[in-house]
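Protein chains in written order, with numbering that gives the first Met the number 0: chain A, 0 to 324; chain B, 0 to 340.
Please note that a few of the clues may not be correct.
[Unchecked claim] Straight-line Cα separation of at most 30 Å, DSSO-like style, residue types lysine-lysine; simulated pairs:
{"#": "1", "chain 1": "B", "residue 1": "328", "chain 2": "A", "residue 2": "193"}
{"#": "2", "chain 1": "A", "residue 1": "99", "chain 2": "B", "residue 2": "48"}
{"#": "3", "chain 1": "B", "residue 1": "316", "chain 2": "A", "residue 2": "99"}
{"#": "4", "chain 1": "B", "residue 1": "328", "chain 2": "B", "residue 2": "316"}
{"#": "5", "chain 1": "B", "residue 1": "316", "chain 2": "A", "residue 2": "38"}
{"#": "6", "chain 1": "B", "residue 1": "316", "chain 2": "B", "residue 2": "48"}
{"#": "7", "chain 1": "A", "residue 1": "99", "chain 2": "B", "residue 2": "328"}
{"#": "8", "chain 1": "B", "residue 1": "147", "chain 2": "A", "residue 2": "99"}
[What the hints assert, rightly or not] Listed next, with one range per pair, are the computed distances between beta-carbon atoms:
{"#": "9", "chain 1": "B", "residue 1": "327", "chain 2": "A", "residue 2": "254", "range": "32 to 42 Å"}
{"#": "10", "chain 1": "B", "residue 1": "275", "chain 2": "A", "residue 2": "49", "range": "51 to 61 Å"}
{"#": "11", "chain 1": "B", "residue 1": "242", "chain 2": "A", "residue 2": "56", "range": "18 to 28 Å"}
{"#": "12", "chain 1": "B", "residue 1": "265", "chain 2": "A", "residue 2": "95", "range": "22 to 32 Å"}
{"#": "13", "chain 1": "A", "residue 1": "45", "chain 2": "B", "residue 2": "147", "range": "19 to 29 Å"}
{"#": "14", "chain 1": "B", "residue 1": "239", "chain 2": "A", "residue 2": "45", "range": "29 to 39 Å"}
{"#": "15", "chain 1": "B", "residue 1": "340", "chain 2": "A", "residue 2": "42", "range": "46 to 56 Å"}
[Said to hold, decoys possible] Here chain A is said to cover these stretches of chain B; the calculated rule only asks that three of the stretch's residues, wherever they fall, bring their Cβ under 8 Å from a Cβ of chain A:
{"#": "16", "region": "141-149"}
{"#": "17", "region": "152-166"}
{"#": "18", "region": "169-182"}
{"#": "19", "region": "302-313"}
Worth flagging that the hints you see were computed from the coordinates, not collected in a lab.
Glycine included, every Cβ here is placed at the ideal spot set by N, Cα and C.
Read off the chains here:
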Amino acid sequence: MAELSLREAVARAIAQEMRRDPNVVFLGEDVAAAGGVFKTTTGLLEEFGPERVIDTPISEQAILGTIMGAAMTGLRPIAEIMYSDFFAVCWDLVVNQMAKTRYMTNGQVSLPLVMKTGNGGGLRFGAQHSQSIENWAMAVPGIKVVMPSTPVDLVGLFAASVRDDDPVLFLEQKALYTVKGDVPDGDVCFELGKAVVRRMGADAAVVTIGTMVPRALEAAEILAKEHGIDLTVIDLRSLIPLDTACILEHVVRTGRLFTVEENPRVVGWGAEVTSIVADECFFDLDAPLVRITTPYIPLPSAGELEDKTIPSVELIVETILKRMV
Amino acid sequence: MTEDNTATATVVGEGAPQLTTRLSLFRRMTELRVFEKRVYDIFLQGLVKGTTHLSLGQEAIAAGFGEAMRSDDWTFATYRGHAHTVSRGVPFAPIMAELMGRRGGLMAGKGGSMHLTSVEHGMMGSYAIVGAHIPIATGAAFSAKYRKSGQVSVCFFGDGTTNIGAFHEALNFAAVWKLPIVFVCENNLYMEYTAISAVTAVEHPAADRAGAYGLERIIVDGNDADAMYEIANKTLDRARVGGGPSLIEALTYRHAGHSRADPGKYRPDEEVAAWIAKDPIPNYRKRLLDAGVDESVLDRIEKEVAESVDIATELAKASPPPGEDLILKDLWSDGSSTWRN
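If we strip away everything but chain A, and leave its shape as in the complex, we get:
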């Protein structure tokens, strides 16, 4: 057992998979010699050498094309796209190529690959280095979408993503890189599509993922202590596959649902979740379904503005208090 930051867990996860399988390679901009712009991949070049840990030029289409071609010919590649915003310059490879190739070829082609990326806001980087793109990816049939909120989940879900035979978008929340937690020694690998109940309560289910998980948990403690409201908090961990069974179970039990989403409101993942809940357990509901999201705007840079934009502990507390009456 070791206490790691989420940042340290990234290198721990990649190293675990590279030691296990010689077909795993890792490439991206500044990932090798520099150890990553977020210092998440320090030490990998030293351990695995330049044939397996590779610095690329700033060529996102070439990076994703390379891992796709490598995956269809026997490797299990991992690529880093430095900031998730940069997927906009290589989205064709994701949407038109990786996502569709198995289906179009009637199952002839497997693409066991992972695209890892720094996602989300909170670091004052402004509108082009802070986006949450989980809802873009979720809208494309054929891409798995994974987002851990703790160091141990990062390792276990990353291992599952590498071992999965389908393309996975692995979203590392930049705002969580400093979060610490225990990671067991030895092989750590979880299952994709399994949500975790982080807090059990009787009054409402709060469904969330990524950076919003610790915020929802903090809000739940405040609401419990100061207002006697007892919340269940569900960490989805992946959006595709989606653990609908877990969501429905706790919505039925509590009669209420709040989603807390970092992505902008329109067509955010919570819209899909609330649609499922409204359709499949409408008569178990005691109240309207409520989505807490970033507004329909690009993210501002200044701290005072960004903090009022992405759902905060205060906003979650305030919204739940108002809507629980």
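Add chain B to chain A, keeping to what the hints say.
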């Protein structure tokens, strides 16, 4: 080949391939021609829906590479991919059935004309977003180098592709890592409906860019099967022994329009006539006769090919439409399209 601007590097005489190879090149080109003419006919009969992009006139390129490639080498092609699929030895019938949207199609009707793929034949896909497959083919080459398999990735594309970013990103990657890949630009002088010269800063859209990536400037007569076979061998060999990538510009011309929707009216009549006179197949036939091949040998090849295309057409027509059970299959590796529990 040479640094000449065009296209006369006919390889006859001492440098010419063995006779058996030349007969095989002739057979391959004949297969591509007869097959695609049949595709044209059955499209007009309403048996093929959607669209098709034919390689009529460009057969020497696919034939030359198909002849030279090792069976475990990889082909990556564009939406104009029928010829490259046939040239890797994929049987006619499943290709034809795929174009007709039948269950017996190469991909059971889920891909269509623009996405022909047969992994077991090394035909790693036809890609319909211009330029997208260039980095993907580069990734296959990366894999071959990493696994020291000796395989070569061959990536075919049109002149229009040289103006999209993915082309330049992938060429740089391939050159930096010295990957075993051959990039083959089939320059048919038109990107869809527009002359490539009207929208490109250099005369030779691929060859004039080669120097930017430290690569040799290679222009070859894409209508000459012997020349294509020779350059294919040279560049495949270079890739296989660790000499890195090559970029070939093969000059050619499509006899038909860009796609089924295009009669090709934007091309001057004299230009079309001049290129029809350079049709790779009758010219190669004449070359073989001049080299002493008995005409009956060529006649027999033509007859055999025509018969096998006839048989394939009937087989494809007899194949039923795909069942609805396929609709929700094979999004994921477990065979399902399940996204929630």
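Self-check item: Structure versus earlier hints - violations, ascending order
Solution: 5, 15, 19
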